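Asker: Those sequence lines, one after another, are chains A and B. With full-length UniProt numbering, the residue at position 389 of the first sequence is 389, and numbering never jumps. With full-length UniProt numbering, the residue at position 188 of the second sequence is 188, and numbering never jumps.
Fair warning: there could be bad hints in the mix.
Facing chain B, from chain A, some residues (calculated, C-beta under 8 Å) [said to hold, decoys possible]:
1) Q104
2) K106
3) F143
4) P155
5) Q199
6) K325
7) V327
8) W328
9) G331
10) Q408
11) L435
12) W440
I should point out that these hints are in silico values taken from the structure, not numbers from a laboratory. All values reported here derive from a predicted model rather than from experimental measurement. Ideal placement from N, C-alpha and C gives every residue a C-beta, glycine not left out.
Protein chains: 2
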Amino acid sequence: MRPVQAVVDKSLAADIRPGAAVRLTGVWHSSSSSSKPPPSVESQGGKLARSSVAGQPNSSDVHEQEAAVHSAGADQGLAPTTAELRVSEVEILGSSDPQTYPIQNKYQTPESLRAISHLRPRTPINSTLLRLRSDAMALLSQFFFQERFQQTHPPIITSSDCEGAGEAFTVKSGGTTEFFRDPKYLTVSSQLHLEALAQALGNVWTLSPTFRAEQSDTSRHLSEFYMLEAEMSFVQDMDEVMDLAQRMLASLASGLKRLSAAQELEKHRLDSRDPAERLAFEDLVDPKELQQRWRGLTSPKRWPRVTYTEAIEILQPVAHMFEHKPVWGSGLQSEHEKYLAEKIGYDEETDAFLPIFVTQYPQEIKAFYMLQSESPPPQGQTVDCFDLLVPNLGELAGGSMREHRLAQLEDNLRLHGLEVPTQRKARSNDMGWYLDLRRWGCPPHGGFGLGFDRLLSYLTGVPNVRDVVPFPRHFERCDC
Amino acid sequence: MRPVQAVVDKSLAADIRPGAAVRLTGVWHSSSSSSKPPPSVESQGGKLARSSVAGQPNSSDVHEQEAAVHSAGADQGLAPTTAELRVSEVEILGSSDPQTYPIQNKYQTPESLRAISHLRPRTPINSTLLRLRSDAMALLSQFFFQERFQQTHPPIITSSDCEGAGEAFTVKSGGTTEFFRDPKYLTVSSQLHLEALAQALGNVWTLSPTFRAEQSDTSRHLSEFYMLEAEMSFVQDMDEVMDLAQRMLASLASGLKRLSAAQELEKHRLDSRDPAERLAFEDLVDPKELQQRWRGLTSPKRWPRVTYTEAIEILQPVAHMFEHKPVWGSGLQSEHEKYLAEKIGYDEETDAFLPIFVTQYPQEIKAFYMLQSESPPPQGQTVDCFDLLVPNLGELAGGSMREHRLAQLEDNLRLHGLEVPTQRKARSNDMGWYLDLRRWGCPPHGGFGLGFDRLLSYLTGVPNVRDVVPFPRHFERCDC
């Protein structure tokens with residue numbers, strides 16, 4: 001993320017323009033602090049070409065530096081770099097017309113950068129966000145490998161719509177007849193297929209694209225997003241599933257702290273002297289709150305677990321604070337979730353926000369596949385499920401134990417007003433195959449799904465999920 | 001993959017039926033070779049419940065074993081196991097009706113198992129294939145992390161159809177108007193988007209679902225498949241791209257050899273005495289040929305690289321062997337590719353099949369974005385591209401240098417009869433954004449795409465790609 005300082009003789013510097021891709025050959029010199037720009041740089045009309053280096057020097061004797069010059073800023077305000085490249089040779093690999101280059105040498109709003117998503121990752125912050133995304137994928141892969149979870153590729157084109165809730169996209173081919181005989185959809189959740197795989201492979205996970213045709217225009221929703229889903233087999237106690245979620249997130253956050261992208265985001269925010277960049281950092285969540293989030297994620301303390309019924313009891317005395325009244329039997333509103341996360345999750349001792357688990361919601365407001373709780377409260381029947389809540393964002397993940405007994409699952413379908421497929425239709429375009437999983441040896445099992453983009457937004461303090469994915473897709477927007 | 005031998009007293013064994021999920025508690029005993037089944041097992045009507053263990057014992061003092069009993073076979077022919085579990089307690093976690101359980105206690109054809117894709121992974125071979133798939137994902141993630149490539153999530157819903165070739169699926173929402181304003185498609189290749197990301201992040205890669213609405217009913221095609229794509233920035237020599245492809249595949253194959261799934265597939269094939277399983281192994285490629293493949297993939301030798309023009313010269317003297325005449329200017333047919341792979345790739349010294357690179361194809365039969373060769377042969381203009389060919393399967397991967405100069409790319413579009421978008425339309429539903437990448441600092445770059453399912457098919461010797469994915473989708477088939 002940091003710029004590289006290159007000292008280039010005037011005679012060589014003419015074609016180094018903002019946006020250009022150049023190869024600079026030279027020798028690294030450690031430079032002492034100097035606020036006076038070297039003469040060769042002054043020759044560019046008072047501008048210093050700051051290179052967003054596409055390849056990092058991998059040893060101290062690097063003598064060739066390839067870079068795409070993605071932005072140029074006035075030098076006077078920049079922090080001294082610890083090394084500079086004294087350039088003896090310049091090769092322009094890809095020229096650039098600075099008059100038309102859309103990434104201007106000044107602050108640009110996130111909204112305006114979204115209109116040029118094919119160029120947006122060239123800005124230092126956006127580039128670093130995508131590198132952090134990459135680091136997160138590598139760390140999750142390592143985590144689950146060590147935990148002996150099998151990574152799987154559940155299908156993207158599916159017959160069913162997981163919870164009957166999401167509006168699914170339809171998949172069509174150019175032909176006159178249905179390509180797959182029946183109408184097919186883009187997956188809204190991999191859970192049902194993961195359950196099939198967990199029966200065979202033991203614990204499984206996936207990080208897969210997921211789709212919802214919702215027209216909601218919020219900072220938390222995308223039409224195409226990545227879900228991290230895990231399913232544990234032979235598990236009877238939901239605490240084990242919540243333990244996994246905490247262990248995974250703690251491992252991820254600790255791992256990220258050791259890698260460069262997260263480190264750079266944190267440090268560079270403090271030492272950047274480029275006014276445009278400082279303004280861009282202002283768009284992110286306050287650094288103090290960000291640190292509270294990270295301390296909570298990596299805390300050795302067990303994250304708080306309260307039941308939905310307890311949560312309602314916490315909310316009711318402060319009902320006046322909310323637009324919606326907290327009532328047992330209704331879903332928690334976003335305002336309720338945020339209050340709970342801040343109230344219950346804040347750990348004074350370490351000044352940290354611990355994510356909180358809210359468990360055992362009323363059966364009627366949750367999905368049909370969830371297992372009934374053994375000891376429901378007097379208010380009504382609940383299911384063994386949990387939502388993982390964090391301040392500001394609300395729900396980060398949701399999970400449950402799954403009803404693994406055939407008769408009870410069929411009852412649940414009826415209770416939710418859904419059709420109970422017969423065994424004869426098992427392979428047709430309905431849920432027969434999912435019931436099949438209960439017919440022959442279904443152990444108790446459970447799992448969770450976590451919005452990966454939302455998690456990255458929480459980790460980086462980027463307020464809008466559209467800015468942590470390379471090419472955001474949402475209602476009326478699908479550029480490139 | 002191997003069965004676990006459990007000795008269960010008659011009084012406890014009544015409900016242990018094929019397909020059931022059970023928890024067995026007991027003590028491990030090392031058992032000496034014995035072809036005589038223990039009395040407790042005889043009590044199940046001469047059948048031994050062989051457990052496909054869902055969790056592996058992780059130390060020698062494991063005393064609790066959870067398993068899904070997915071198949072039962074006559075014991076008499078089984079190899080002695082090295083340890084057996086003397087069971088003191090049996091808990092049926094999920095019962096099973098053996099009368100209706102679709103996975104029969106005999107050989108079932110791959111085709112018949114495909115009709116029950118939600119249960120298929122319960123068979124030992126299919127389970128092991130999916131574990132190998134998982135191992136491969138973890139190893140690739142590690143490889144690219146070490147090579148400092150950034151893993152990316154290019155979009156699945158896109159505006160463009162990569163090569164104008166593939167028939168793309170259309171994405172629709174339930175509403176009356178277009179959800180994204182313009183018609184959108186499921187991606188047929190992530191390459192163009194990877195190029196945008198490579199400009200910003202340096203070297204990038206992805207393992208993403210990819211879609212083609214082709215009606216071809218072959219053992220090598222799926223409508224939904226996974227492509228491993230890598231794009232290298234600041235690369236001027238295509239040899240570097242081919243070096244990466246070889247290094248990656250060698251690293252993957254070496255890594256797999258150290259992990260259990262690949263080891264089990266190889267060993268169990270030799271020592272399985274279960275007649276049904278031996279027949280299932282017969283469906284795979286001959287073990288000798290499989291070893292030749294693996295020796296080639298992990299060979300320290302540089303894989304052969306021949307130009308298309310040289311390939312035609314090799315093919316022409318043996319033209320009588322082919323249905324299609326090898327002619328300069330026409331594409332290589334599958335029969336040509338297989339001949340070349342076997343002829344050029346076979347390394348006598350090590351009895352190995354080295355994959356081969358065929359490079360510099362005629363420009364007219366390749367995609368518009370490929371870079372013209374600097375020294376084309378007298379026969380006509382060629383481009384800097386390569387196909388990676390292996391015996392039996394043909395093309396495993398394809399790559400190229402990309403035309404990084406704007407004017408030449410526009411010429412290429414015209415040459416291929418494609419519309420050249422103007423800059424004004426850059427953000428609309430055409431290729432304007434892709435041309436934009438050449439306007440402002442486009443370094444020389446190149447990359448490749450590899451069919452991940454096809455690779456797994458090559459590695460495991462499974463003849464049909466439909467059997468290395470959990471839920472295959474192809475023309476008229478999209479079960480579950």
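Asker: Which of the numbered hints are not met once you compare them with the structure shown?
Answerer: Going through the list in order, the structure violates hints 1, 2, 3, 6, 7, 8, 9, 10, 11 and respects the others.
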